[in-house]
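Here's the letter readout for the chains.
Protein chains: 2
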Amino acid sequence: MLEEKRVEVNSLGEFGLIEKLTSNFKSIHPNTIKAVGDDAAVIDRGSYYELVSTDFLVEGIHFDLSYTPLKHLGYKVVVVNVSDIAAMNGIPKQITVSVALSNRFSIQAIEEVYEGIRMACEQYGVDLIGGDTTSSQSGLIISVTVLGEVAKDKVAYRNGAQVGDVIAVTGDLGAAYIGLQLLEREKEVYISNPEMQPEIPEDQEYAVKRILKPEARMDIIHEFNALDFKPSAMMDISDGLASELFHISTQSGVGVEVWDENIFIENTVYEQALEFGIDPLTCALNGGEDYELLFTCSEKEFKKLKNVRDIISIGKITEKGHKLVTKKGNVIDLEAQGWVSF
Amino acid sequence: MLEEKRVEVNSLGEFGLIEKLTSNFKSIHPNTIKAVGDDAAVIDRGSYYELVSTDFLVEGIHFDLSYTPLKHLGYKVVVVNVSDIAAMNGIPKQITVSVALSNRFSIQAIEEVYEGIRMACEQYGVDLIGGDTTSSQSGLIISVTVLGEVAKDKVAYRNGAQVGDVIAVTGDLGAAYIGLQLLEREKEVYISNPEMQPEIPEDQEYAVKRILKPEARMDIIHEFNALDFKPSAMMDISDGLASELFHISTQSGVGVEVWDENIFIENTVYEQALEFGIDPLTCALNGGEDYELLFTCSEKEFKKLKNVRDIISIGKITEKGHKLVTKKGNVIDLEAQGWVSF
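The listed protein sequences correspond, in order, to chains L and D. Residues 6 to 347 (my numbering) make up the first sequence, in order. Residues 6 to 347 (my numbering) make up the second sequence, in order.
What the hints contain is simulated information worked out from the structure, not anything from laboratory work. Please note that the accuracy of each hint is not assured.
Just so you know, same-sequence chains aren't split out, so a pair can sit in one copy or run between any two.
Claimed, not checked - Calculated pairs, BS3-like style, for lysine-lysine (alpha carbon to alpha carbon, straight line, at most 25 Å):
id : residue 1 : residue 2
1  : 235       : 311
2  : 76        : 31
3  : 25        : 76
4  : 308       : 235
5  : 321       : 308
6  : 309       : 235
7  : 218       : 31
Everything numeric in this text was worked out from a predicted model, so none of it was measured.
Sequences are here, hints too, so could you generate the full structure?
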């Protein structure tokens, strides 16, 4: 008998793994409209769709408590889940938060986390409806599930992009990645000399805020609703613009062409990237954790957004391929390099 | 300035901690009918209520992989969540499963977990609609959120017990606790002599099955529906009968009187408890993890259940106090001793 070869988890990556693990599951309930494979699951609730999304945040993998204030962490776990509801063009309503923590945490520490959660719930109009608290053998693990709602004719999937559509993003990209590099650098300084206090240059506060206390673009979703605008496809940018463009193109069966000069990188972020010796465009394409929105729509529909701040057309949907057009007119292949959490 | 004293997490216990952490949260959505504090949250979906419950299972705290087959573990994580929906008199419909695992696990290992999840989803008619997979720095952590549905006039809370109501439970109690003791004993044997293979006596297979592969009592909920029966209060027995009785009495503002001779302990479990030198009644009252149902109802309503198997009246709701009446007629104070997971 041949022995089956052990396959390492990290050989597949997160998306390959989820696909492999869930391919045997079949849905039986007619109100399960969309199961695994988008930013949120979709359930038919009669006159509207319910949206359900869930995220795990693990100490040492997703956050480092040596430079992450607990209150910010609590705020962020809500934001990243709210952002998944925004990505479906929906409004978040309820949330559950489960926390596993080792006994190195005091009650005061965990209260800080919940204070951040409470602030985010207030900011985004979300009711905390449940959760679980338990011990862990090492560190802090937070699991959040968010419920949202969306009108049936307004839900935005990843698979609706059409050839000729505009590709647009909200806000600036790459700042969270630079913020993370700054925090990592200060941590190194502190480790090598504990008497030296971490210091973030004042002009880099924006980048650091983007990684420690991001916001979900619910403001944009409310604008979309007010303007009766519907994207043909949408995602939030959590793993990096390039990776998300690949998701939309694969799931929609189309190609993408992106113009690098339209990708907005905030000035201080641009300068800091150069100081670190990193290509600013690479930060914007592959950095991740920006929690901005990436969407597509027809040229005609896009005109509805002309007075909306913070929306930038960065390219168009093509028949196939993944092209990046540089300022000088060179065309290069775009590469997907999402954050690999394995 | 006085320094605030560090408060240890385990000084409050799980329920005290959740209450402390969530007391500052206010719900704003009118469709949030019940937030934290019962087996599941309740959301108004127009013609019916949606139920939402979430659970964390952490390696080394909730399960020990040295004697827990991964497929059984996957099955059990679904069951414990389905049981929370049963506890509200509802029917489970959809589930999300998130898994964090360290790199000591191969793809095959995690596929085993998902095979167990798939089997339970099939058994209970639940659609897997989402989840998250990520790394952890130590061990396996699984977070599950289940969505269910219940008719508005059939939802069973913990706070509806009335003076004079019958207290009833389904099935037998204490077996899971004895099963756990057997597995722990075999683990000790194996650790002290690795050449000795773990061996569970054949007549104890029932107890071991109860801890490794429990079932949720959805059969009972379907009977309740068929008979148009509604409990005045209900919970599932996850932390031990005594602890759950305290929850119902506290939340309903009533007392309980329980007759020990009516509490059903399976024969082999009873004998094994004595062999371990443990009082079988203590196993039944405080063991936990039985996933049977504890409910109350009027005498008149209880008559509807006369042909339902596995339902036993164990006491009655009184005005106040927590009394245990022994076979000999002695009355002693019942003590709540749920499983402390801190």
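Status of the hints after comparison with the structure:
1. 235 <-> 311: Close inside one copy (14 Å), not across copies (56 Å); limit 25 Å.
2. 76 <-> 31: between (40 Å within a copy, 18 Å between copies)
3. 25 <-> 76: between (36 Å within a copy, 16 Å between copies)
4. 308 <-> 235: Within one copy only: 12 Å inside, 56 Å across.
5. 321 <-> 308: Result: close within a single copy only, 15 Å intra versus 69 Å inter.
6. 309 <-> 235: Close inside one copy (10 Å), not across copies (53 Å); limit 25 Å.
7. 218 <-> 31: Answer is between; shortest inter-copy Cα gap is 22 Å, intra-copy 38 Å.
In the structure shown, no violation is registered for any of the earlier numbered hints.
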